[in-house]
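Number of protein chains: 2
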Amino acid sequence: MSEASNAEGLRPHPFHCPAAARPVKRRMLQVQGAVWPSVVSLLWVGTLLGSVEAAEGMWTLDNLPRTALKSAHAFEPDAAWLAHVQRAAVRVGGCSASIVSEQGLVMTNHHCVTRCLAELSTRERPVKAAGFLARKPQDELSCTGLEVLQLQSERDVTAQVQAATQGLTGEAFQKAEDAVRAQLSRECQQDQAATKRCEVTVLYRGGQYVLQQYERYSDVRLVWAPEDAIAAFGGDPDNFNFPRWCLDVAMLRLWRNGQPVKTPVHFRVEPKGPMAGELLFVPGHPGQTLRSLTVAQLERVRERLATQSIPAASESRGLMHLLSQRAEPTRTWALQAMSNVENGLKVQQGQLQALFTPALWAMKLADEQSLKAHVQGKPALRARVGDPWADIERAQQSRRQLEQEVGLIAEGGAFAAPHFQYARTLVRGPVERAKPDGQRLREFSDSSLPMVERRLKAPTPMDQEFERERLEWSLTRLRSVLGPDHPVVRQVLGDRSPAQLARAWIQESRLHEAAERARLWDGGAAAVQASNDPFMALVRAIEPQARALRERFEAQVLAVEREAAQRLALAQFDRDGRSRYPDATGTLRLSFGTLQGWQEAGAEVPTHTTVAGLRRRHTGAAPFAMPERWLGAGAAVAADVPFNFVTNHDIIGGNSGSPMINRQGRWVGLVFDGNRHSLGGSFFYDPVLNRAVSVHPAVILESLKSVYAAQDLVQELLTGQAPDR
Amino acid sequence: MSEASNAEGLRPHPFHCPAAARPVKRRMLQVQGAVWPSVVSLLWVGTLLGSVEAAEGMWTLDNLPRTALKSAHAFEPDAAWLAHVQRAAVRVGGCSASIVSEQGLVMTNHHCVTRCLAELSTRERPVKAAGFLARKPQDELSCTGLEVLQLQSERDVTAQVQAATQGLTGEAFQKAEDAVRAQLSRECQQDQAATKRCEVTVLYRGGQYVLQQYERYSDVRLVWAPEDAIAAFGGDPDNFNFPRWCLDVAMLRLWRNGQPVKTPVHFRVEPKGPMAGELLFVPGHPGQTLRSLTVAQLERVRERLATQSIPAASESRGLMHLLSQRAEPTRTWALQAMSNVENGLKVQQGQLQALFTPALWAMKLADEQSLKAHVQGKPALRARVGDPWADIERAQQSRRQLEQEVGLIAEGGAFAAPHFQYARTLVRGPVERAKPDGQRLREFSDSSLPMVERRLKAPTPMDQEFERERLEWSLTRLRSVLGPDHPVVRQVLGDRSPAQLARAWIQESRLHEAAERARLWDGGAAAVQASNDPFMALVRAIEPQARALRERFEAQVLAVEREAAQRLALAQFDRDGRSRYPDATGTLRLSFGTLQGWQEAGAEVPTHTTVAGLRRRHTGAAPFAMPERWLGAGAAVAADVPFNFVTNHDIIGGNSGSPMINRQGRWVGLVFDGNRHSLGGSFFYDPVLNRAVSVHPAVILESLKSVYAAQDLVQELLTGQAPDR
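If you read the sequences in order, they're chains A and B.
When the letters of the first sequence are read in order and numbered with the working numbering, they come out as residues 1086 to 1810.
When the letters of the second sequence are read in order and numbered with the working numbering, they come out as residues 1086 to 1810.
Calculated directly from the structure, the hints in this document are not laboratory data.
A few of these clues could be false.
The list treats identical chains as interchangeable, and a pair is accepted whether it falls inside one copy or across any two copies.
Claimed, not checked - The calculated lysine to any residue pairs, modelled on SDA-like cross-linking and capped at a C-alpha distance of 25 Å, are: (1) Lys-1357 / Gly-1682; (2) Lys-1347 / His-1571; (3) Lys-1542 / Leu-1146; (4) Lys-1281 / Trp-1606; (5) Lys-1431 / Pro-1572; (6) Lys-1431 / Gln-1393; (7) Lys-1431 / His-1571; (8) Lys-1431 / Val-1573; (9) Lys-1357 / Arg-1700; (10) Lys-1520 / Ala-1626; (11) Lys-1431 / Asp-1570; (12) Lys-1431 / Val-1577; (13) Lys-1357 / Ala-1626; (14) Lys-1357 / Glu-1478; (15) Lys-1431 / Trp-1606.
Starting from the given sequences, assemble the full structure and let the hints guide the process.
Quick look at the structure:
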């Protein structure tokens, strides 16, 4: 994930399709990676910085609130404990995960692998709908789009980056920073791109740079997934709500060289789950928080949510609602897309609601004024910091002018078919690969290229009818948003309608065939130029405008914001030191907390649900229908088995799939969601209402045993060893 | 229209369906009828109040800016001129119209009668798609849903209303005001409900009450409509844009007692159209402006647009996009619904964009502070006015809590099928008709009942597939917005899914049959109670909650706002006298202006388009495809015939169909749209950018002659007389 590059995305890899999101439970606003501690809770709860009582904070492992942990919980994690957590808590796609046996077994959320499940599904083997269990290692199914990253080491490189960017501003700053980061990554990674990944993460908005080296596992196989209907029981209506009954779990296995990977460092299960009052930890990879944006940036976020993001997602939802009534396989693709769209929409609506809360603005304004006053009061600091707020405010004007076009053209939101993203990767590949690493578009960096190539060549299935419909809609939106007289709209549409174009393009293109994509990738510039595939032609035709827009956006927005943010970080360190946690950036963090309910409309929401509650909520009509196996199992799973539970951990999208562990390093839960109050967590942590939602280990073990007859998997979880190995 | 009653609607008649809007070009925000002059342009252009130079203002005929008209244009309208305008400019549905011959010929926009066109369309006679021309009076087709209202007289009744409401607040105020208004209407109307309509209009937010008597024409027949493709050429992409080429015109005729109505008072056409620099008038019925809302109300409007209205409309747009690909007749219904949805969405997006303009807030705040200071400075005034701003702000908190539920349950947005609205009318009819007029729900007042009954009994066609799909979607939204555990959601859905319910209800209901509806209406309470139609059962089941919500909303929001607004009006009259125009309320107004282009991205937009431009814009793909007849006509219509043109008139939704006249009382244009800058017109008039868009009479006459071979109609327009009578 590293820092997301901008407002509409410029996503780190080129396969993102607007309406078919990556399998992240709570996709974040794609705003300039903001890395600054919360200003809100400070005013909100009036506690001192770093209080673990408030459960606030997504802490880096090298800067835990040790004093508070010790005084409140008598807990002092040692180096071994931290090293264990660092290795056993891993990243998968945009989600978190954990290693849970010595045989490379990895646990994450079902919703983190739905794309893989959909791709593996066939009429005969409907993996997503009916679930899947591999009884033997050789039955495990490859998830070609997934890779698992395990953090091996990290090193502070702030001094090197600062030396390279000293005194630069604007585009020059950005180019120098890109170059030094690429160089550091390359030196770290050397020629081991297939098994290592190095990247420089920006913390505290440029206050700190950290070089991270990951072990990269690219052969990831599906071991077990329950049925969609129980994994996402309650569907969109219950999403971000609690009480809740979701068996939102999937088991994967890491393979290398045709063997499961040996993983002596892993978390063993604690079947009893979390105890009342017990200190609990969530190691995970929260994707992005925006707690340190300036007021001007927050205003722009609100306006974009209201005028662009939410209307687009809402339209897509209406489209998917009807597409999901079509015959198979279109139905399955539409349902998958709808679940992503609905999830994203709920996140955005929660964020927008938070941004219509007057108290939030009062807090943000107060903190901004306090920092400005701090700078004004110290002439030497003032000379170095200048007025970053004004620079950032000017960049917001550029955002306002550019973001629609950037989203539609530079990011390809107007061409919502995977064919387009494949074509763009193919067209850009030879151009970018010819450049030195530090000068390429970020998604073609040496550390990203292996994944780019693997995804391009993977035999990912798609449904032509679904893609045609979605493409027609996105072309219609292009014309609707930019108007029929916009030069790119005129160029793309010519005398044809969106429907005519979508039909012709999807019919004529061969980019849905992995072999054709591999041929073009391997054929390089010559093959690319010779191709008359309609999507290749489209990408070539709009490439000058697309690149120009992206460059303009990077120069006028991203570079300005990034450089100004460094000066803001300087001011904030001067005021607060490192007593705060940085904004989430998709890298490993640790949150602390305990079991805790909350008050909703005057009533106490209890911390746990049980199997009995699931049976009461079952109506038989989706999304409130237990799958056949559960109905067949009758009372085999006891009514009092705990199902889901809530804690006060500070989490955000990207934390999905995180293990919840106790101080003994046993996992006691699997984080999969937050309550609806947690959606404002992008901007502030509210200790009174913000809650994380997890799957209880008991329901995982009990259902594996009694519903799925997966005795071997139960034993592997309990002992760390698969029985027959 | 009178004053719209609230934020989400509580529309004046019970037939409104969320996604099948009334045929008004620019549907307004349904916010408490705000009746206060613009504060913005005052700051914006720095001119004195009432300057006709600024072209701002929707003036009542009894309070024209006479001094400015005289000094700037040497124009002094006399009583005869005004009386002529008052009779010849009429209302039709939510639109404006004009009488244009002595034989009761009425001209309005095509988009104002699309619902009628859709209802008249059959496979053999696709009126909407292919257009229609009645060559003989007996061929004219009845538009059963339409009535034309012609203002006969008005009388100031402020003193009577104020006497009845003196000293009252909250609900008591509202009830007393309702009662006295109903009484005044009844006295005026007596027993002539079939041909007269009386209503008390609230101007200046309660500063003035006017009793208006209308002649009511209920037998309205279609004479001519061009093809959809030329009436709405450019479709949604060109909507609210200019340059433009829309033949957005339809001709109707008033009938009574089996004969066309004699209308000696009418506007004759001026075929040359408007002259450069010439003073031009738009008499029409602007629906609603919100120029006098308080800052707290505007904030709530913005939040609701962003979090409720636009997301809902966007979803509906995605749904309609796909539904419009189905087979006929579903396709036609979906296209009709989509065009309404897209139009509404563009309006709302324009409004929201305006509400994200910092300058607007600065202006509104400055004016509010100035008025507060004025009140503070005059103790006697202060004693009478109090703090209406604070009362209104509190009412906004109630809006925030209630508006979603009111929209979905009290207004029926969750049950988006005409069956539901029919059922509610049927269930409420006997209850309300048993009460005295002033105590009924407004939509059952004596003055509304004839239209209610006519609509209920009209054989309005509908498409079961379309209704089922839309209903399923709206039920899904109900659950999504209020959550599965909301008591009404539980009660309505029970153990069934939205899809199951929608299918069953639409299949089992007989309310799509006019005869069944008539039977239940005429059968009264006994028939209603005996009916086991699923929609009747649904309405009965949720009636207690629906009524309770409506009452709560009226007491906590509408009554508070209405009473506080009266005190605001008092303060404003004290400061400004009557030198300003009231906010639009759907009643007759006069706007002034001239031909004027504007600057767009540094380039001058010319005032006129011509037939040559239409031919250039024709691509052959909808919505940029001229219909067959136009293609067949070749060069019969000269390339230089003017098509559409722009003027600086201050108009808003509801002005659609307004004639534009010169000082001789000849019509020189037919208003049908505004440019996109005009969408902020709800909140302020911007003389630099805000433009009205009209059809030129030349293209109407030339196309009638050379494309539609409608020589008789040309003669009737030119001479005021149909040739064969």
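Cross-check of the supplied hints:
no.	hint	in the structure
1	Lys-1357 / Gly-1682	within (19 Å within a copy, 75 Å between copies)
2	Lys-1347 / His-1571	neither (57 Å within a copy, 50 Å between copies)
3	Lys-1542 / Leu-1146	neither (37 Å within a copy, 73 Å between copies)
4	Lys-1281 / Trp-1606	within (23 Å within a copy, 76 Å between copies)
5	Lys-1431 / Pro-1572	between (34 Å within a copy, 21 Å between copies)
6	Lys-1431 / Gln-1393	both (15 Å within a copy, 13 Å between copies)
7	Lys-1431 / His-1571	between (32 Å within a copy, 18 Å between copies)
8	Lys-1431 / Val-1573	between (32 Å within a copy, 21 Å between copies)
9	Lys-1357 / Arg-1700	within (22 Å within a copy, 76 Å between copies)
10	Lys-1520 / Ala-1626	within (22 Å within a copy, 70 Å between copies)
11	Lys-1431 / Asp-1570	between (34 Å within a copy, 17 Å between copies)
12	Lys-1431 / Val-1577	between (33 Å within a copy, 23 Å between copies)
13	Lys-1357 / Ala-1626	neither (60 Å within a copy, 46 Å between copies)
14	Lys-1357 / Glu-1478	neither (52 Å within a copy, 51 Å between copies)
15	Lys-1431 / Trp-1606	neither (38 Å within a copy, 43 Å between copies)
Violated hints for the displayed structure, listed by number in ascending order: 2, 3, 13, 14 and 15.
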